[in-house]
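Trainee: So the sequence lines, in the order shown, correspond to chains Z and B. The numbering of the first sequence is my numbering, which starts it at 1 and goes up by one. The numbering of the second sequence is my numbering, which starts it at 1 and goes up by one.
Wrong hints could be hidden among the right ones.
[Claimed, not checked] Subject to a maximum C-alpha distance of 20 Å in a straight line, what follows is the list of computed EDC-like cross-link-like pairs (lysine to aspartate or glutamate): (1) 28/Z x 173/B; (2) 212/B x 257/B; (3) 296/Z x 265/Z; (4) 296/Z x 178/Z; (5) 212/Z x 268/Z; (6) 28/B x 173/Z.
Treat the hints as calculated values from the structure; they're not laboratory data. Note that the structure is predicted; figures quoted are calculated from it, not measured.
Okay, here's what each chain looks like letter by letter:
Number of protein chains: 2
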Amino acid sequence: MNLVDDMYIPTFDDVIIAHERIQPYIHKTPVLTSSYLNELTGATLFFKCENFQKAGAFKARGASNAVFGLDENTSSKGVATHSSGNHALSLSYAAGQRGIPVTVVMPRTAPEAKKAAVRGYGGTVIECEPSMSSRESVFAEVVADTGADFVHPYNDPRVIAGQATCSRELLEEVGALDAVVAPIGGGGMISGTCLTLSNTAPTIKIYAAEPKNADDAYRSFKAGHIIADDAPQTVADGLKVPLKDLTWHFVSNHVEDILLAEEQEIIDAMYLIWQRMKIVVEPSSAVPLATILKNKEVFAGRRVGVIITGGNVDLDRLPWLNT
Amino acid sequence: MNLVDDMYIPTFDDVIIAHERIQPYIHKTPVLTSSYLNELTGATLFFKCENFQKAGAFKARGASNAVFGLDENTSSKGVATHSSGNHALSLSYAAGQRGIPVTVVMPRTAPEAKKAAVRGYGGTVIECEPSMSSRESVFAEVVADTGADFVHPYNDPRVIAGQATCSRELLEEVGALDAVVAPIGGGGMISGTCLTLSNTAPTIKIYAAEPKNADDAYRSFKAGHIIADDAPQTVADGLKVPLKDLTWHFVSNHVEDILLAEEQEIIDAMYLIWQRMKIVVEPSSAVPLATILKNKEVFAGRRVGVIITGGNVDLDRLPWLNT
Chain Z
1 MNLVDDMYIP TFDDVIIAHE RIQPYIHKTP VLTSSYLNEL TGATLFFKCE NFQKAGAFKA
61 RGASNAVFGL DENTSSKGVA THSSGNHALS LSYAAGQRGI PVTVVMPRTA PEAKKAAVRG
121 YGGTVIECEP SMSSRESVFA EVVADTGADF VHPYNDPRVI AGQATCSREL LEEVGALDAV
181 VAPIGGGGMI SGTCLTLSNT APTIKIYAAE PKNADDAYRS FKAGHIIADD APQTVADGLK
241 VPLKDLTWHF VSNHVEDILL AEEQEIIDAM YLIWQRMKIV VEPSSAVPLA TILKNKEVFA
301 GRRVGVIITG GNVDLDRLPW LNT
Chain B
1 MNLVDDMYIP TFDDVIIAHE RIQPYIHKTP VLTSSYLNEL TGATLFFKCE NFQKAGAFKA
61 RGASNAVFGL DENTSSKGVA THSSGNHALS LSYAAGQRGI PVTVVMPRTA PEAKKAAVRG
121 YGGTVIECEP SMSSRESVFA EVVADTGADF VHPYNDPRVI AGQATCSREL LEEVGALDAV
181 VAPIGGGGMI SGTCLTLSNT APTIKIYAAE PKNADDAYRS FKAGHIIADD APQTVADGLK
241 VPLKDLTWHF VSNHVEDILL AEEQEIIDAM YLIWQRMKIV VEPSSAVPLA TILKNKEVFA
301 GRRVGVIITG GNVDLDRLPW LNT
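Take these sequences, add in the hints, and give me the full structure.
Mentor: In structure tokens form, the structure reads like this:
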């Protein structure tokens, strides 16, 4: 067992097992390029488009790995989670594929489209207040009532091993890279990226991209220990949650740097992606491009993987039309 | 020479030559599928995504074929066209690739984004009134002044042979199909589709999808001769132009039927594509899905190719937010 401070740290073998396990339930998403954005940044960018993933986000990978790794007995009681959105959809999707119950605790302020989509996949939504503390207390009740298996949105080795399959596919498709940039919220995608790259391509530098308005991971990284915000405000609503011990392990050991973007920079980058790449991405997905545009000297002349994490956005409330 | 009524009708050999000629300048665009839309329609849909094409629309194919087929002497005087949008961008793109001048006559009401993009590619924009008659008279002056080669947006065998490469790629990628549905405005894409399919897969039924508010092709098809509207109004602004003799040749000989969609149906289908497929498509591109949803009995149980013609939309003026 690969234990650190009593935590099980997923290994690359777990990633290989996860990839085989989830293959029937996920898309091998395309990698897109844009000559316009290459010219604008001076880098050669490879966008791994998880907005085309099942349930609209990379989180289908980790959720599917957790759900399909359960034994029959455990799975019969179902799964439960709390999530600001995409993990909720993804866990509902995966549970639906396996035919087991799923309960999701969501902030009442989460986009209606996401709540409706959870219900559309057959999940049960229970609302909490939009704070970490409310979310956790409401959730404890749900688990006590149902006996469901808790699949944490990111601080779970099964979930991290699942997310790690994303950068594995990216490398298989595009070959050598100098850097990979992914958004950071709770750190699930970044941890998966660290897990894959540290084992298969350790020279690739891993950058985490974070909204300045929710910069707890940045401050944690600089301080050398986890600093958590309760209820930060950012347009990148997938990135409000704090690091936890397992994701902190990967971030503190393998991330080269954490780069920050202002709200307007995130919105501008999102607009640019929609306009030039013709894809629908959510604000969180635009944070990496925003930080690349802001730190051109770091990436110019390099081959850079960019994780487009998801495309679940409320089309009736686009951020550039609300400001 | 393949002449009908003194018109040169492009042959499948022209398509093969065009495909080889334009290869360095166009993308082989991806074909996407959506399990949600398959379930909704009862058909198996293959979306050929020309919104990812160079200059954001299939028209880069025909424009590139025309521009790169010119001899040195002719090309030095440049090219010119009139267009409601995407052909303008595409001709500017292709001329820019060859390094020759390009002049575009556009309605003053065309989206600002399209005018800016023409200028971004180095083209000169000359504005006319938003009617076919104004467009043609202004254009005649431009050609007289510059001596440029006129590349018509669709009534040109070079353009049709170029557009025909789109369905050729689609068939190569997905194999046998029962039907293909493409939008119809002037008929360039539909004519190219007819040209390829009638030569390589004549059992595939070809359906043209048209806005009810600009149903001149439908009425022409039923009447057996071209009926032209001057300045019809539809959200699908790429589909306002009438058939001409060359495209009428293909439409009247090879199209199975023309299906109509109301404005709200087009907007709803566009919203559905953005929301579920996570791609940015313009209203014209949504007309085929709107007609498939409206005529489920025609397509249920069948393998259907759907041409997504382009993604050039003004993100600040989305139709579902203006109604």
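Trainee: Confirm or reject each hint.
Mentor: How the hints compare with the structure:
1. Taking the CA atoms of residue 28/Z and residue 173/B, the gap is about 17 Å. The hint holds against a cut of 20 Å.
2. For a cut-off of 20 Å, the pair hint linking residue 212/B to residue 257/B stands: about 14 Å separates their Cα positions.
3. Annotation: proposed proximity of residue 296/Z to residue 265/Z holds, straight-line Cα distance about 14 Å (limit 20 Å).
4. Of the pairs offered as hints, the one joining residue 296/Z and residue 178/Z holds, with about 14 Å between alpha carbons and a cut-off of 20 Å not exceeded.
5. At most 20 Å may separate the alpha-carbon atoms for a hinted pair to count; residue 212/Z and residue 268/Z meet this at roughly 15 Å.
6. About 17 Å separates the Cα atoms of residue 28/B and residue 173/Z, which keeps this hinted pair within 20 Å; it holds.
Checked against the numbered hints listed earlier, the structure breaks none of them; every hint is satisfied.
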